[in-house]
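Those protein sequence lines, which keep their order, are chains A and B.
According to this note's numbering, the first sequence is numbered sequentially starting from 1.
According to this note's numbering, the second sequence is numbered sequentially starting from 1.
Do not take every clue at face value.
[What the hints assert, rightly or not] Cβ-Cβ distance ranges computed for the label pairs, FRET-style:
no.	chain 1	residue 1	chain 2	residue 2	range
1	A	Y77	B	E151	22 to 28 Å
2	A	R564	B	A162	50 to 56 Å
3	A	R219	B	E63	39 to 45 Å
4	A	Y77	B	T174	51 to 57 Å
5	A	G396	B	G104	40 to 46 Å
6	B	G130	A	R454	39 to 45 Å
7	A	T215	B	E151	33 to 39 Å
8	A	P49	B	E113	35 to 41 Å
The set of hints was computed from the structure by calculation and includes no laboratory data.
Ideal placement from N, C-alpha and C gives every residue a C-beta, glycine not left out.
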Amino acid sequence: MADFDAIVIGSGMSGGWSAKELAERGLKVLVLERGNEILPERDYSDQIPPWERPNLDRVAQDEIAQHYPKQYGGVAYAIKETTKRFWVKDDEHPYAEAPGTSYDWLRGYHTGGRSIMWSRQTYRLGPQDFTANKLDGHGVDWPVRYDDLVPWYEHVEKFAGIAGSEEGLPQLPDSVFQPAFALTCAEQEFKTRVESAFPGRNVIPARVAHLTQATAEQRALGRSNCQARNVCHHGCVYKAYFSSLNATLPAAERTGNYTIVHNAIVRSIEYDAAAQRVIGVRIIDAQTNETRFYSSRLIFLNASTNASAMILLQSKSTAFPDGLANSSDQVGRNLMDHVSGAGASGLIGGFDNKTVFGRRPGGIYIPRYANITEHDKPYIRGFGYQGSATPLGNAGGQIPGIGRKFKESHRAPGPWRISIGAFGEHLPNPDNRVTLHPTRRDKWGNPVALFNVRYGENERIMLEEARKDAVAMLEAAGCTQINSSPVTLTKPGNRIHEMGSARMGRDPTTSVLNGWCQAHDVPNLFITDGSFMTSSACQNPSLTYMAFTVRAVNYAVDLLAEGRL
Amino acid sequence: MKTRREVLQGLIISIGGASMLTACGNVAEVIASDTGAQALGFYSDQELALVARISDLLIPRTETPGALDVNVPGFLDGLMSQWADSNTQQTHHRLLASLGQMLGDDFVTATAEAAEQTLQELDTRAFEGGSQYRGYRSLKGLITQSYFATEAGALEEQHWVASPGRWDPCVDIT
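Please put together the full structure from these sequences, using the hints given.
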């Protein structure tokens, strides 16, 4: 008799969904979280006003150098004195990079994982994203098509709550929306001018996982509408943005079928060669160093793309000497992210007598048009832009003058500034990989990750073109003082959209998972974090993780009920 | 025992805040007579006087509190003591020394009107460009950010709203 029906490894974006759906289907579920417990009432800092945050909410520079050199280098905008608890200390959680490469592994270990700190941009993949590999030969073909996923997108969108506008764009299908955060007047003008100058390009409100018209189901979980404070990286006592902590884990808990254990660092997933099944998870307690074993009939691996690959690679056995479910040798390979580092900004005139009220969580989005509506590109795939046009404000003090006039100038909204930046697709490449470092161990004795990830020529050419396109659109919109720095590609990992380390595919010899996120080699093992992604597309991927997760759970529980696991 | 910030707060109050500074002008003398060196954390007497004078001239008391009313110099002293690493601290010391030279020996002790004219001239040059003025612009930014991060600066001067409750994307300025 197993301890639990199912073990979910990781409580973040996808792990929360696994826990909720499994528990709601009646399974006794154990969630293993390697980090500490986060209690919103104790650990969120969104209610602390600016004047109560010490030192302008800056983390001491010596502390950054000692504990957060990688994390802060990657996401300085999010790591504040009152939010640093949500980010790992690099010296406690080190990783290595292959010579000549650099990688940002930006993360937090606690209840809810990075779903607490994400930036909440939420888009479906489009039909073209599931056929791209097949058509241009990069990677392997997805074993799933867009239509397979539609009901599952709808399922998660209704529960999570997505603010957005119906646009009818085939390459960026509409979600089940709550009302969008409307475009500013400058954004509306930009939209009009860009869409006129570039037919086939669209400027739309960013789609974000924020409640703007909370449903009864969402209110029952204590969630309410976004208050337009834009303090999301501190947590949200209104539970207005979607996170595991705000939504899926409480939903799992109310079933009575849910248990979570914190500080549980996975040492290995145990495999029974005779049964050809995984039978449980061996963990080490992060605080006591005690080792424990939990058994289950089913395992959902949701530790995050890099960590899940490492767990598989650590879980060696006679049957799987190169790591669990790794007969294809694809575990840890094809590691992808999105690539940024190209864009433009400028001033957009005509709105001196206008301002905004509130601080919305998103801005504008320009969906992919390259190789969708425009086919003259020197690269394959494409990119979308995120951005905004808002009053610049004067809070930085970088305007001329002193005295009363200078002081009171800060009451004015200032000129309107528009900025757009590209998020491009990263082609799958088996040489881009995470492996176990051959000698280095962390403080708990687990191998540290070794990253070897590079961008290719397609990404470089694409981002150069994205910069030119950005300037052209700002020029077409009549912007002035346009600034567009030379392209400097973000480090792999920096967009925090890691994907692909256990890709799904039709062929067990070239992929780790089948179309149900089920390991080809191990029928009762499912992986539904970003690991399964066969290509990266260019849209922010969390919504797709959610949809694949609920689809996989439904499939797995059906199999279990039918005695086929 | 008072914290350094409390001591500095008292210091600023003891010299009467913005109105006293702009009225009597002699900041360094007031500070030197009212406090001992042990009261200061990061700044020397001279540095504190310089920062206080610049803060006062940049963001004076009007219908709302000024930079000295909310103790921006003390805030910066704490920032440099608690947040800055040794490199930033040394850079900041050098910046103040350089600024002191640019503004002249009598900037701190000059009348308010004279000091205001001197700073205005520096500010004009700084925004015309020139790498030698980066330090001044940096300090100006720090003073301004610090002021608007205070309760009075945020609420009384800038009418900052903690919880807007709604998003209005296009509001007429009346």
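These are the hints, each one checked on the structure:
{"no.": "1", "hint": "A:Y77 x B:E151: 22 to 28 Å", "result": "24 Å, holds"}
{"no.": "2", "hint": "A:R564 x B:A162: 50 to 56 Å", "result": "54 Å, holds"}
{"no.": "3", "hint": "A:R219 x B:E63: 39 to 45 Å", "result": "43 Å, holds"}
{"no.": "4", "hint": "A:Y77 x B:T174: 51 to 57 Å", "result": "33 Å, violated"}
{"no.": "5", "hint": "A:G396 x B:G104: 40 to 46 Å", "result": "27 Å, violated"}
{"no.": "6", "hint": "B:G130 x A:R454: 39 to 45 Å", "result": "41 Å, holds"}
{"no.": "7", "hint": "A:T215 x B:E151: 33 to 39 Å", "result": "37 Å, holds"}
{"no.": "8", "hint": "A:P49 x B:E113: 35 to 41 Å", "result": "37 Å, holds"}
In this structure, the earlier hints numbered 4 and 5 are contradicted, and the remaining ones agree with it.
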